[in-house]
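For the sequence shown, the numbering used here gives the first residue as 11, with consecutive numbering after it.
Simulated from the structure, these hints should not be mistaken for laboratory data. By construction, the Cβ of each residue, glycine as well, lies at the ideal position given by its N, Cα and C atoms. Treat the hints with caution; some may be incorrect.
Listed next, the in silico EDC-like pairs over lysine to aspartate or glutamate satisfying Cα-Cα at most 16 Å (straight line) [stated by the list, open to error]:
#, residue 1, residue 2
1, Lys-192, Glu-165
2, Lys-286, Asp-248
3, Lys-338, Glu-288
4, Lys-458, Glu-506
5, Lys-192, Asp-248
Just the calculated beta-carbon pair ranges, DEER-fashion [said to hold, decoys possible]:
#, residue 1, residue 2, range
6, Ala-582, Ile-418, 35 to 43 Å
7, Val-201, Met-590, 20 to 28 Å
8, Gly-362, Thr-293, 40 to 48 Å
9, Glu-191, Ser-524, 55 to 63 Å
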Amino acid sequence: MRILLVIISSLLGSFAVAQYDTLRTHIELPDAEVAIEAVCPDPFLKEVPDSLLMQLLPPASVGDILALGSTMNVRTYGPAGTAVTANGRGLSGDHVNVLWNGIPIQSPSLGLADLGALPASLFDQITILRGARSGFVNSGGAAGTLWLDSREPTEQQSLRIGYDDLLNLSVNGKAGIALGEKWHCSTTAQVDRFRNEFAFNDPLLAGTPELNQRHNNYNRSSLMQQFTGSPAAGLTADAAIWVQQSYLHIPEILGSYGQSFATQRDSALRVNAGLKYESVIGTFSVRAAFFEEGQHYRDRPSQDAPLSIDSRIRTSRHYYRLGYARSKGQVHLRLGYDIHRESAHISAYSGGQQTRLLHGPQASLTWSSFRYLIDASGRYDIGAGEALPVVNLRMERRGRILRFFAAIKNTFRYADLNELYWQPGGNPDLMPERGYSAETGLALYDRKGLSGHIMIYGQRMRRLISWEPGEQGWRAQNRSDVEAAGVEGLLRHRMELRNHSIDQNLRANIQVNSLDADLLTKAFYPAVQLRYGLQYRVGALTLGGVVRFVSNAFTYTRLNADFGHQDALLLADAFAGYRMEWLDHSLLLSLAVRNAGDVMDFRVARTAAPGRVISLNLQWTWNTSNNR
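Kindly generate the complete structure, drawing on both the sequences and the hints.
Here it is in structure tokens:
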């Protein structure tokens, strides 16, 4: 069902509230150190709240972390097992790149990644790239790029257990060891058993009696094995193998036709390896990856239903990247070349299988001084019927208290394989979408615990691909343009006092989206997002909370602005934790009250959501590096 919900959201072209800036945000796990800095080596703005904040959550997905610990908009279509996508700047989830160690992991058939299927415990750092440099790492990314890193094995061991009142249980463990003086390896495993039992009201029928959610079990097992080492002087290597399987029961409320007996099995094998050599003439690197994923969806309705579904999808991706980098004084140069081959095997495709090859060079040049920074990057992708250049430019002027920044960029998105070849609605004549954006603003250095930024931004996406009805059913076409313009602000205050600290931040985004229709008319959709977070620590006790207000205009279509419309939501999450430490060990016990299914878009799908979930989390961490 996760796949079906993602398909629905993709077909409708969900447009979300923008969260767009020139900053790079990263959330480091498991210590969950959150920092904001420039994409270039020179720091722009750095934010480091207490590392306990993210540990207060039970074992979570990447989508959970982003929803509560970042400025990204995250859409959750229900309880665990249903789709979770990230959105931004008035665009849908297929405009957000999701990279693992620099390699895209979006589905070749759908063009997006389900963040709810990615356990956060597998990654050491989650990075959000926005602004001019987001297009350098990969094509697309008009709404942003998520970079998931898992290349830092350590000799720290940890065990986490999470349980909540929906009868959901998550257990993950991580163990790292040193293999001699040159190599390290670590193993991360997570097992999830979600029962998702809760009471709800039918979202489409007002005044109906309360129902009990049943048959919504979601089981998932994940394993990642990592290696890093220095086999020779100046040479470093890393490799990661990621295996994951899941099994989902689809409840009746989400069935395709009447009463449902639907299930979905997913499996994935991902291998990612890199080699880097540093010499006096520069740094040379090579990275290769192979991904293979499979989904098997079965829906056997009641006997009076019109049909049953037995769908199998298998996708694969081969990726190779060559790179060269050199720094001399204030100048930093990066060169690269990508080769990317993806394929999908689906019975609903013409011929059953389709393959695409994309390749092209990329370059970046940065000049940095005490007062100024100028960064220019570009890439040229060849394939899919049209070769498109991408050029990004960013500059900064640094003062004693404030820093001025401005950036412009263009980007594009190739149609995914479903949009091109799905029968009968695929359109092999689709042209890539083109995008243009600009932003400018001021940032405040950390002064007496106070920091922040304010910016104005704008974007236009042309030749937007949308699914529209025709004589032979729905068909993908280059139709509409979408524009987004808004103001974003961030204000953060940190106060360290004796035996306790206070950390609070306020984020605000006010935006207007517009969509061009065939009759040359425009429909405007205002959007507002406010987010306030507070963390208070006294001794070993930490209390925290996040309050979010999100207005409408999350989702709309060219045909009917009311379809997929979301009413305003006020969301609140609270955390409390107590941590004990002795020698090289620490024990954390925390309680969290959170929103589950925070984007309840009932007009798109009859999704039942529990509204809130109470969870307990126990974490034991120890270090063996001094005991070898």
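Evaluation of the provided hints:
1. Lys-192 x Glu-165: 13 Å, holds
2. Lys-286 x Asp-248: 9 Å, holds
3. Lys-338 x Glu-288: Holds, at about 14 Å.
4. Lys-458 x Glu-506: 10 Å, holds
5. Lys-192 x Asp-248: OK: Lys-192 and Asp-248 at ~12 Å, within 16 Å.
6. Ala-582 x Ile-418: 35 to 43 Å: 38 Å, holds
7. Val-201 x Met-590: 20 to 28 Å: 26 Å, holds
8. Gly-362 x Thr-293: 40 to 48 Å: 43 Å, holds
9. Glu-191 x Ser-524: 55 to 63 Å: 60 Å, holds
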